[in-house]
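> Based on the provided sequences and hints, a complete structural model is requested.
Respectively, the protein sequence lines represent chains V and S.
258 is the number that my numbering gives to position 219 of the first sequence; each next residue is one higher, with no gaps.
1461 is the number that my numbering gives to position 49 of the second sequence; each next residue is one higher, with no gaps.
Just to be clear, a hint being listed does not mean it is correct.
Said to hold, decoys possible - In silico contact screen, one side only, chain S against chain V (beta carbon under 10 Å); selected entries: (1) Arg1494; (2) Val1505; (3) Ile1507; (4) Phe1515; (5) Glu1522; (6) Pro1558.
If you're looking for bench data, these hints aren't it; they were derived computationally from the structure.
Ideal Cβ positions, reconstructed from N, Cα and C, are used throughout, including at glycine.
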Amino acid sequence: MITTSYARRAEVRETTAHLARFEEFERGVSGNSPAWLRAIRTAGIAHFAEQGFPTVQYEEWRFTNVAPIAAFPFKPATHPQYEGVTEKEIEPHTFGGMNCHRLVFLNGHFSPKLSTLLPRPDGVKIGCLAAAIHSDGPLVEKHLGRHASYTDNPFVALNTAFVQDGAFVHIPARVELAEPIHLLFLTTEAGLTSFPRNLIIADRSSSVKVIEDYVSLVPAPHFTCPTTEIITAENACVEHVKLQRENESAFHVAAVQAVQAADSRVISHSISLGARLARNNIHLALNGPGIDSVLNGLYLASGDQLMDHHTVADHASPRCNSHEFYHGILSGKARGVFNGKIFVRQIAQKTDAKQTNRNLLLSDLATVDTKPQLEIFADDVKCTHGATIGQLDEQAIFYLRSRGIGHDEARNMLVHAFAGGILDRITIEPVRQELESTLFERLEREQHARA
Amino acid sequence: MNKNPILEIRNLQAGVEGRKILKGLDLTINAGEVHAIMGPNGSGKSTLAAVLSGKPGYEVLGGTATYFGKDLLDMDPEERAREGVFLAFQYPVEIPGVNSTYFLKAAVNEVRKHRGEEELDAIDFLKLVKERMKVLHLDESLLSRPVNEGFSGGEKKRNEIFQMALLEPKLAILDETDSGLDIDALRIVANGVNKLKHSDNAQLVITHYQRLLDYIVPDFVHVLLDGRIVKSGGKELALELEKDGYDPIIEQESNLVTA
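If you want it as structure tokens, here you go:
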């Protein structure tokens, strides 16, 4: 794991309420959990208490001020008693009724009533973590909280302290799951903080596609703080789509940690559309030789939105590829942050790491802070990076107009093309299509707002 | 013969970035005619193409350009295109991520809509496209590629004339279409242009060299110098320029100014 040296803290944010709620949680719900789980929670809260909420003095949080989250009244969704959501309410968020395994979570807690599983090969486990803690105790214990570092990320620490439920996916060796798994996380009440915790384990030579999808069913502020751990054994393949489409007053701070063995493949997509403040930490640990991984992302921010991606490709083994493509489209007064770290350890010879971050600013007030961060300790490697920030190409707009295509249509074509390069990498066709049309609707809406 | 003017330019003055480049240009183009504009570098050839097609950044400082009786200079670029003005770019723009078929279909249907014609469906459109591509010896694989991206210089120029063939303009402006073409590509391009010539449309061929005019034979040749047309004639004027260069005309002009 990479340790990050923080600048000295200038200010410690108030965490009393969080610690108090944890004590209640520990005395109550948590008390019935196995000892190993309680130990993880205790370690989580200890690290959260020690770190507190980060300030902009922390290098890792320089451009993203989480003060509004620290100040947000802390109401953790620790009791799984959420009901009243109907299938009809879920329908718009199903990618047009996509044929898939679908697990629905209300405020972080599994809803068996709303979930559907298709027939699946023997040994495939798709269910909720709360149940797996008992049914698959040893496997969960082996992985839960062992990969996503809570020692240097206070939000992962907080998630770990309140870990209760989320998705549990285990694909046994040599099984290629045909249909994707859709994990739909819904927030149903204003003011709640939820801590979804997902564990995806792909055994040797297996493959699975998972969509981790966040949606608000209320138009009011709430805080979602998920953590996902992905473990790929030798030659396994996981395509992971993290889709964040919460309401524009929500807070969302998420972490995805993938731990990869030799010859495995993780294709990570992060599509950020919603929330007032959204931060994603996506970290791939390339721990065996011959890994081929992709970090692919699109953030579409308008109005006052802030969208932040911090990615890490940690090359800890020879002959691995990591190819990263992140595109941002920003309008209004939106802000984008991208920090892409490529870490090549001394042993990781013949690394091929590529990183590009391109940003399209559609307004005068939108801003982007982008930073490639390469730390290379091996000498026989190929590492490239590039970041661009720009406006739409006026020459291209004129070219399209000179062929009879209207000004707005020409702009849309170019924005679509810019986003299309990212969306095209998603192999789950209904998801890609849905995102295409979401993008289109959003451009239309913004056009009307401009007009 | 009764002449139908397509474009009438009167005392056109225009510039870019505060620099005046066209300094009173007059030109009338009638239906069925091919006009060539020749001139040395910096004489204003490309500025004329830019102003007529409505390229942003170019400023009209005076004069008029009337297209089928309408004020051309008042129209948006897309409106001009829909009305039948076509510019074959000297440097066609690469547009990554925009699929050629999608782009061509959008363009064709915008123009058809404007003419009150029905939009083409995918099948009819593809039929039209394939037929026109053959004339330009273009490979159909270009259709699935992004607009102009990764095209060779020759492919880009042929692609311009291919688009012209699809949009069937009333006034085609060819801005240095010959630049960067080898002789075979030049023949293909010229052949394409010639096939599009009709009694009800016109072509304005802007070129530095006479070479293109061996293949696209103009009815009129105009010499553009310092933002004005200083000499007009038949196709033989192009040959004269090829032989003697622009110097005799430049000299004549400066004598006039001194006198």
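> Give a verdict on every hint.
Taking the hints in turn, this is what the structure says about them:
Look at arginine 1494 (chain S): its Cβ gets to within about 5 Å of chain V, closer than 10 Å, so that hint holds up. Hint status for valine 1505 (chain S) relative to chain V: holds, with the closest Cβ pair at about 4 Å, below 10 Å. Nearest Cβ of chain V to the Cβ of isoleucine 1507 (chain S): about 5 Å, under the 10 Å cut. The hint holds. Annotation: phenylalanine 1515 (chain S) was flagged as interfacial toward chain V, and the flag holds, the nearest CB pair being 7 Å apart, inside 10 Å.
The interface hint given for glutamate 1522 (chain S) holds, since its Cβ lies 4 Å from the closest Cβ of chain V, which is under the 10 Å cut-off. Interface hint status for proline 1558 (chain S): upheld, as the beta-carbon distance to the closest one in chain V is roughly 7 Å, under 10 Å.
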